[in-house]
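A.B. asks: Next come the chains, spelled out residue by residue.
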Amino acid sequence: MRPENYEAQRHPPSHEYELNIGPNHPGIEGNYAFKLRLHGDQVIEGRADAGYLHRGFEKLMEGRLWIQNLAITPRICVPDPVPMEVSYCLAVEDLCGLRVPERAQYLRVLQLELSRFASHLFCFGGHAATVGMYSPSFWGIADRDLILDLFEELCGGRVYHIYNIPGGVRRDMPPGFIERVSNTLDYLETRLPDYDDLLFRNRVFVTRARGIGAMNQQQALDWGVTGSNLRATGLPFDVRRDDPYLVYDQLDFDIPTEDGGDAWARALVRRKELFESIRILRQVLERLPDIPGPIRCPIPNPLAWNVPAGSTYTRVESSKGELAWYVVSDGGERPYRTHVRGPSQMHAVQVLERLAVGSRIEDVAQIMFSLDACPPEVDR
Amino acid sequence: MAEVDSKIDYQDKGSILAPLKALQFFGRQPVTAPLDPRPASANYRGFHLNDWETCIGCSTCQKVCDNAAITMVEVPGLPHDPEQGVRNLRPAIDYGRCCWCALCVDLCPTGSIALSREYVHTCKDAELDSYFILPDDKGIHGVAYDIGWGKHAESDLIAPERVAMQELSPQARADNFDEIVAGYDPNQAIIEASRCVQCGMCLDACPTHMNAPEYIRAIWQGDNEEAVRQIYRTNPFSNTCGRVCTHRCETACSIGHRGEPVAIRWLKRYAMDAVSTERIKAIVAESRPSFLSGKRVAIVGAGPAGLTTAFDLAKQGHEVVVYEAMPAAGGMTRYGIPYYRLPSDMLDRDVEIIESLGVRIQYNTRVGQDISMEQLRDEFDAVMLAVGLWIGRSTGVKGSDSSQVYRAVDLLREVADGQAIKVPKQAVVIGGGNVAMDIARTLGRLQRQHFGQIDVTMTALEDLAHFLADPDEIKEAGEEGIRILPARGPQEIVQEQGLVSGLRTWGVTSIFDDQGRFAPRYDERDEQIYPADMVIEAIGQRADVDLLGADLTEALEWNRGRLKVDDDFRTSAEWLWAAGDMVQGPDVVTAVANGHRVAASINSYLSIREQVS
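As you go down the protein sequences, you meet chains A and B in turn. Per my numbering, residue 1 is the first one in the first sequence, and the count goes up by one each step. Per my numbering, residue 1 is the first one in the second sequence, and the count goes up by one each step.
Extracted from the complex, chain A is given alone in its bound form (with noise of 0.2 Å):
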């Protein structure tokens, strides 16, 4: 990241001292490191430090044919990898002007709701277990894995589902698939109050998390904070009601917010946002038996396709928060450049930093997961 992140303090006050977080530790989705000056258990000062993914998917991507590109694009973040193939597609399809067939947008949506879902389902238990917490993230892998069982179904791929394609996407439902959405949702909602008792309702947990990293919703909106982490500030701010997408104006869901602005806010947020995903998904379900196909328009061979000059900044709010897309294309087979605004840039580098001072050594980690973040965003 910025250089001087690298050295280490040359001449620490005799008082203070010095400890490197990671690049291997559980308070975040993947190797990111954060060095702390510590006096005593309190954090002096936090500098984050990314860099040990060694990606250059940005550069990458310059290299390769519009269509090559989908299969990087998911393995930008793991936990929520559909907004990033969904958010390259919707870019390459604004500069081509495709039209993307109804029946391949809630396919989209449904997509999303269900990786949104997934990664929450890790981010709390993960969250959980920053504060010693370790059954809940069992609980939310374990029912995590029922989704992938789900993504692997629809797209062919647990992890990296590489589903979507300029223009739509690429299988329709298999036979049988709502019905089996219908009832992981089911289960998963009979699942919600048991998360609740296990850790929403538990007083170690609340106890822990109040107050915790806090932010009011001035500094978070400084500091380019999207998604959960602003809603906990109290603003509902949501790419999908304010700037939709696909067909999320058809849809009806809430948008949860809390004003506390601390770790357990953020966790709250999320938790709410699992309930309003299921019922996007049940809307969804309902509605696409009776949208006709096609899934995809017609589209060029992938090996001779010039994307018409021009720029455009795609946006989706991922789980994490507002991602989106910036591509440049010179009339080209490949993009001439593309940007990837990762929301976790902003909360895994200067929030973090800033929510880090003055906080005790043992809630490190979980200001670090409470806000989400994904450092391959950071390190794209």
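It is possible that some hints are incorrect.
Stated by the list, open to error - Capping the alpha-carbon separation at 20 Å, the derived lysine to aspartate or glutamate pairs in EDC-like fashion look like this: (1) B:13 / A:258; (2) B:151 / A:153; (3) B:564 / B:554; (4) B:475 / B:610; (5) B:63 / B:51; (6) B:138 / B:94; (7) B:21 / A:143; (8) B:475 / B:167; (9) B:21 / A:153; (10) B:7 / A:276; (11) B:7 / A:153; (12) B:315 / B:554.
Bear in mind the hints are in silico, worked out from the structure with no lab data behind them. Since the model is a prediction, treat every value here as computed from it, not as a measurement.
Starting from the known structure of chain A, fit chain B onto it as the hints suggest.
C.D. replies: Showing chain B alone in chain A's frame:
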């Protein structure tokens, strides 16, 4: 299910007892999947499967692979036939690179490649090579798992249909010689060119190995001049080949295995039509030499073979003189192919561009009469013979020596030369090849012009399944009202009072004997007589080699009536080469290919001789 989510308030303090409810899960079966094997989903993207019977080794999978995970490997023993578009290459997969996106499956032209429903591969350190596999239909472990992600209409990325070509309707073309095919407009050409997957099967199949992938790509990029540059690397007869080539490239095209092949011939024509003759001359002149070798080469016959050799030799700095008996160049392409298929002004463009390189053509000069072969041998460093097949063969049946029995090539030559021929009211054509089609359709047009109606019957030994003419020709001839009678053998040209009155035929039971030799058998009871006042024989041609003279004919080696040549088309005389239709049978693009080889052979001969002397 609950309509409203359970409410937890930010201010709630939480409960000490609530988490204890989780104790109810003790002893329950975990939700995690057991380790027993379980079937993957129907769409699963597991390991690669490849049906070697269907795979043609086109390497499109390799081209679309994001990670260069695919290497094409030669597999000895598998069929390898460039003309049919089959290579003995098969994709090998490196699972250290593969990302299981399955684009290889979606873009596979044949649909041979698929991903299996197999989950797991692992190995010991010593077996790390096992991540690099050459998949067949048994998959990575030799255990046949079902196909997971396979070829599917929803995800297929191959465009199976070509851009339709505008053509004159049968009504609009039946009484005139206007060119039938309109050619692509720029938009159509770009769309058609975009269907190409750049596999290069066409290049392998083409006798002269035209760089079709390159010129198609240039057309797609809108750079028609670059397309012309690529075309002229291998073919100086592209206005001609863009119209009448036998397009083996399209037979081999990998897209053609499940859909319609890319219209390679029409794209070539488009590029040639789109660039002006002056610009093409400038492009061709880029390869003009900056030196003269001082060597002189004589070429007999200004057809595709002769002029291609002239074109190449001129680019190598040699002085080339082409002797042509007729008043215009092009050989059989000019005097054998009707205007509606190949307008002669298009041929003029090809010839003009070749001449712009400095090739000199002596028209109306018949070697053997106006100048002898011996003179050529003495005056030039090398001589090439490319005189084509100008003498029509006769069936030799009773009555075929009548003055109302014609050879197709003679009539076609007269029509092309602008001469008025006698138009019969009822004509019967013997033969089922493209030349028979040409004369039948030419006579049909003339009949409509003279009499307002058409009466042309074609009889051929072959049945329709084995017809020699192109399917397009058969279809178009039928549309124009030509009666095609397959599997009929001519027995006699019936005459009444010295005038031809019809053709007597028998039904054909077989054409070749057990050894594959030509020995037609007939059913005598199946006899029919087709009335006609003119019969045209179109059963093949032979070369007129009288020009060689008795001494040279005696000195040269022959092989069953044809000049014997080696692989470089050199005859048994050191100074003489022979190529084109007279050596390899009628085909423009083969003649062009021959021409290149002759030029290369003559050039090396001249260079070696210079060094040795």
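A.B. asks: Take the hints in turn and mark each one as holding or not.
C.D. replies: Hint by hint, here is what the structure shows:
{"no.": "1", "hint": "B:13 / A:258", "in the structure": "holds, 15 Å"}
{"no.": "2", "hint": "B:151 / A:153", "in the structure": "holds, 16 Å"}
{"no.": "3", "hint": "B:564 / B:554", "in the structure": "holds, 13 Å"}
{"no.": "4", "hint": "B:475 / B:610", "in the structure": "violated, 55 Å"}
{"no.": "5", "hint": "B:63 / B:51", "in the structure": "holds, 19 Å"}
{"no.": "6", "hint": "B:138 / B:94", "in the structure": "holds, 17 Å"}
{"no.": "7", "hint": "B:21 / A:143", "in the structure": "holds, 18 Å"}
{"no.": "8", "hint": "B:475 / B:167", "in the structure": "holds, 13 Å"}
{"no.": "9", "hint": "B:21 / A:153", "in the structure": "violated, 33 Å"}
{"no.": "10", "hint": "B:7 / A:276", "in the structure": "holds, 13 Å"}
{"no.": "11", "hint": "B:7 / A:153", "in the structure": "violated, 34 Å"}
{"no.": "12", "hint": "B:315 / B:554", "in the structure": "violated, 34 Å"}
Checked against the numbered hints above, the structure breaks hints 4, 9, 11 and 12 and satisfies the rest.
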